[in-house]
Amino acid sequence: MSEGPSRDGGRAWAALQEAVGQAVVGQEGALRLLATTLLAGGHALIEDVPGTGKTLLARAFSAALGLQFARVQGTPDLLPSDVTGSSILAAAGAPPGDGLEGAFRFVPGPLFTNVLLVDEINRATPRTQSALLEAMQEGRVSVDGVTRQLPRPFVVLATQNPIELEGTFALPEAQLDRFLVRITVGYPSDDGERAIARRYRDMAEPLDRVLAVVEAQEVLALQDRVRGIRVADEVERYLVAVVRATRDHPSLRLGASPRASVALYRASQAWALLAGREFVLPDDVVAVAPAVLPHRLLVDVDQELRGATATEIVAEVLAATPLPVGEGA
Numbered sequence: 076m077s078e079g080p081s082r083d084g085g086r087a088w089a090a091l092q093e094a095v096g097q098a099v100v101g102q103e104g105a106l107r108l109l110a111t112t113l114l115a116g117g118h119a120l121i122e123d124v125p126g127t128g129k130t131l132l133a134r135a136f137s138a139a140l141g142l143q144f145a146r147v148q149g150t151p152d153l154l155p156s157d158v159t160g161s162s163i164l165a166a167a168g169a170p171p172g173d174g175l176e177g178a179f180r181f182v183p184g185p186l187f188t189n190v191l192l193v194d195e196i197n198r199a200t201p202r203t204q205s206a207l208l209e210a211m212q213e214g215r216v217s218v219d220g221v222t223r224q225l226p227r228p229f230v231v232l233a234t235q236n237p238i239e240l241e242g243t244f245a246l247p248e249a250q251l252d253r254f255l256v257r258i259t260v261g262y263p264s265d266d267g268e269r270a271i272a273r274r275y276r277d278m279a280e281p282l283d284r285v286l287a288v289v290e291a292q293e294v295l296a297l298q299d300r301v302r303g304i305r306v307a308d309e310v311e312r313y314l315v316a317v318v319r320a321t322r323d324h325p326s327l328r329l330g331a332s333p334r335a336s337v338a339l340y341r342a343s344q345a346w347a348l349l350a351g352r353e354f355v356l357p358d359d360v361v362a363v364a365p366a367v368l369p370h371r372l373l374v375d376v377d378q379e380l381r382g383a384t385a386t387e388i389v390a391e392v393l394a395a396t397p398l399p400v401g402e403g404a
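The number in my numbering is simply the position in the sequence shown, starting from 1, with 75 added.
Careful: at least some of the hints might be erroneous.
Okay, the calculated beta carbon distance ranges per label pair [stated by the list, open to error]: (1) PRO397 x LEU295: 36 to 42 Å; (2) LEU164 x GLU391: 56 to 62 Å; (3) ASP308 x ALA178: 53 to 59 Å; (4) ASP83 x ASP265: 56 to 62 Å; (5) GLU280 x ARG86: 51 to 57 Å; (6) THR386 x ASP265: 37 to 43 Å; (7) ARG319 x THR384: 17 to 23 Å; (8) PRO333 x GLN148: 31 to 37 Å; (9) ASP283 x LEU164: 23 to 29 Å; (10) PRO226 x ILE163: 20 to 26 Å.
If you're looking for bench data, these hints aren't it; they were derived computationally from the structure. Where is the CB? At the ideal position from N, CA and C, for every residue including glycine.
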């Protein structure tokens with residue numbers, strides 16, 4: 076059970092790890108990035124080949140949070156109203172004499188939740204994908220000319236399979252930029268894969284063992300604390316230098332924007348809080364940059380044909396940018 080909003084980030088992280096570990100083997104790095112995303116008030120894109128546990132990780136993470144949860148399955152026939160909700164004629168269900176005969180009432184869609192899992196988001200059409208933009212950026216949605224506020228906290232966990240092209244719609248750059256991090260799950264180790272097989276031998280659904288250990292009020296309190304995590308001037312200059320270095324890299328045709336600086340700043344603060352610290356270290360910036368920056372970059376076509384990737388370029392930039400020295404760092 077949660078110990079209330081006074082629990083620090085380190086202890087909340089330990090409880091979350093233990094709860095999610097009841098269903099998910101390994102994936103500590105991916106889980107910590109999900110927790111970082113939640114505390115930074117962002118959204119996460121989980122991307123990898125089929126069968127690596129993307130959906131299981133997202134569902135276990137959601138189950139460990141005492142938050143309202145909804146799931147949307149991306150399909151080509153999914154309409155924006157299937158996500159946001161719509162207005163229906165209330166006459167048929169309205170009690171006699173309540174004044175609603177012939178009126179419309181709004182039926183909220185799955186978007187009105189705390190944790191929204193959008194499975195295979197790249198199977199949804201661009202029109203439906205764009206319906207998530209306002210919600211992800213503003214925490215609200217406009218339907219039938221009325222703007223409605225979403226619950227707090229609100230986080231979108233989207234999964235996609237990068238190797239399938241048929242029946243998919245690539246996420247546009249504006250949509251990708253709304254995700255604080257892009258996470259790659261990867262294959263488990265030999266021992267980890269054996270442990271996964273044993274779990275499904277011993278029980279039909281490992282998710283049933285995941286208990287909620289973090290409540291909504293605690294999440295909101297930790298989000299407030301993240302904004303107060305101290306970033307020294309030296310660390311701030313280093314963070315911005317990393318982002319600006321991508322704009323001059325010869326292998327990129329589009330570097331990271333100022334929004335990327337904000338995302339890296341917020342993610343570094345949340346990462347530090349999960350470590351139980353009240354200040355950001357350069358190591359925090361280095362730890363989150365590979366998840367925050369690559370999906371915001373566009374590799375030059377010629378360099379891409381030669382095998383260059385955004386992830387490798389971010390690693391080059393981190394290696395080439397001098398670490399700050401001094402008391403603040």
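Against the structure, the hints:
no. : hint                        : in the structure
1   : PRO397 x LEU295: 36 to 42 Å : 38 Å, holds
2   : LEU164 x GLU391: 56 to 62 Å : 59 Å, holds
3   : ASP308 x ALA178: 53 to 59 Å : 57 Å, holds
4   : ASP83 x ASP265: 56 to 62 Å  : 35 Å, violated
5   : GLU280 x ARG86: 51 to 57 Å  : 28 Å, violated
6   : THR386 x ASP265: 37 to 43 Å : 25 Å, violated
7   : ARG319 x THR384: 17 to 23 Å : 20 Å, holds
8   : PRO333 x GLN148: 31 to 37 Å : 35 Å, holds
9   : ASP283 x LEU164: 23 to 29 Å : 40 Å, violated
10  : PRO226 x ILE163: 20 to 26 Å : 21 Å, holds
Hint compliance for this structure: hints 4, 5, 6 and 9 are broken, all remaining hints hold.
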